[in-house]
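Once you've looked at the hints, dock chain B against the given chain A.
As given, the protein sequences belong to chains A and B, one line each in that order.
By my numbering, the letter at position 22 of the first sequence is numbered 22, and the numbering carries on one by one without gaps.
By my numbering, the letter at position 178 of the second sequence is numbered 178, and the numbering carries on one by one without gaps.
No false leads were mixed into what you were given.
Now the stretches of chain B that chain A is said to cover, found in silico as 3 or more residues with beta-carbon under 8 angstroms:
#, segment
1, 139-150
2, 171-181
3, 184-196
If you want the footprint, here are the derived chain A segments under chain B, 3+ residues with CB under 8 angstroms:
#, segment
4, 81-95
5, 99-111
Rather than coming from a laboratory, the hints here were simulated on the basis of the structure.
Yeah, the Cβ is synthetic: ideal placement off N, Cα and C, and Gly gets one too.
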Amino acid sequence: MLLLLTLAIGTLTACGIWLLLRARSFDAILGLTLLSYAVNLFIFAAGRPRVDAEPILSGGSATLVTMADPLPQALVLTAIVIAFSMTALLLAIALRANAASGSDHVDSKEPR
Amino acid sequence: MIGAIVGHVVAHHGPVLPVVLPLVTGALLLLLESTRSAALQRWVPWLSAAATLKLAVVAVLLMVRADGGAVQPYLVGNWPAPFGIALALDRLSALMVLLTALVACGALAYALGGTDRRGLHFHSLFQFQLMGLGGAFLTADLFNLFVFFEVLLAASYGLLLHGRGAGQRQRLQASVHYVIFNLAGSALFLVALGLLYGMTGTLNMVDVAAKLPALPAGDQRLVQAAALLLLTVFAVKAALLPLYFWLPDTYAAASAPVGALFAIMTKVGVYAIVRVTTLVFGAGVAAPWLTTLALATLALAAIGALAATHLRGLVAYLVVASAGTLLLAAGLGTEGALAAALFYLVNSTLVAALWFLLADRVAAARGGSDLLQPRPFGGAWGALGATFFVAAVAVAGVPPLAGFMGKALLLQAAGATPLAMWVVGGVLASSLAVMVALARAGSTIFWKSPHGGAAVADGSRAHPLAIGALATGVLGSALAAGPLSAYTGAAAQQLLQRQDYIDAVLGATPAPPAWDLRREMRERGDAK
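Pulled out of the complex, with its shape left as it was, chain A reads as follows (with noise of 0.2 angstroms):
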């Protein structure tokens, strides 16, 4: 499983990274979408993930080896959330600039 989230990551981050350098609004906010999936993931995989472990403190001895850190799961939430509604913003503001200059360029006006 630790093998299919690091190649997650490193695609999901890949993809994101080469989208955001084509200075196109729109490609640049899919690009900070799928960095901030590729975070979230990241955030999610710091907190060594356990397959088939509660995050529940329960009986006597409670380490990481018995269960799962929730903390991360907290933590990437709050992550989603903000992610989510700064993309939202984000839209906004470039459809606006769109309306405004007619280019999707993010310096509001094509390259010569």
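Quick look at chain B alone, frame taken from chain A:
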């Protein structure tokens, strides 16, 4: 009665007030602004101004408390320190909160002169911005710092875009760059936090600081990577060299009071760099790079100021130059350099805010143009010219104002470090360049321009009031230089005694509950 309640709240919940007060005010203003009743809407500016003044009073009280010398932790939700989110008030935080409140008072007073009516929700956005700033300066938790960064950024996006009419296209374009850049920065911030959490299992600054020395050598490298990522993100906010290109366009596009408030935003980045290098990672983590990049920033800011074609662009480069000077001192990291930086920070923030307001007045007197070319000047120029002169003296670092004292203190502190020659040369050369740029701009605007032109008729009594208040602050920081430098010296000393901060936060005990429901139930026999 009310006095007793206020006294109790400040004494027991003081450190959280700079967050709660703007939050409650902002939420209330949002409701008032959304009503259709004109009678209720008339209250909005007054309520906002009253809350900002109250914030300034609270900030003064907090500063008096912090000057007692002890770091004062505040446990949000009464959870003990590494588990809950802790705030902590020390001399540096108190100084930053007070500075925020002062700049906010000036900016808001200016906005009451008409800027706030050019669009919706100016006052609630303004209060939310203050909340984010207050929280970022007070928190002792890295994830909480991220959240407050996002709060202040989200509010700043709204404020930057605020206003209709002239310049909207520039504002939109600058916003697209600003938001994309900061969102990418936030992603890096989260990567750094994920790494740190994976290594140490905590994000409380104090707890991370306490656990770092015990980590195995392999993990230390990863922590160092996380630290440098964090510093990169803070450098975006602080406008360090390769990452400052968003700033001149953004600040030049913002309306005057928003630009004035943004003068404190770059200082958030500087504050965060100072906080994590002194408290968490140690000054060695970025030592050679920070000074080198800060010197390069100073050099480019000087060139930018000389090459600026608009007064607002010039002012934006003044902000970059002051950030460069501050980061130079932060990179040196000695007690004397930090004390000098904090002293310089007070003056440079106030004077940067003053410059944004002044640039707007100058543009209005010249029919709306701030192009640095001779243009007919309308109206009286005596008071405007005098303020221009005072602000130029303060920002360039010429005696007798506090900008000079701050730079002198910095040069004195740098003398004892191996980089002395570079620091002295860089700071003096950039001061000279700034002085030349401002002298040229001033003589073009006031002396080479014919008089009797048409001014934009948007004058209001609020404008001279705001400019006068900030100019008084600038002059006051020179008059009160003795007590101020004693305070910043003590603040720098406190910053370097990090064990006191760690002990205070980790040793904070939750307040005993006023009533214990569980014990009452146990005693009544309702529960096991």
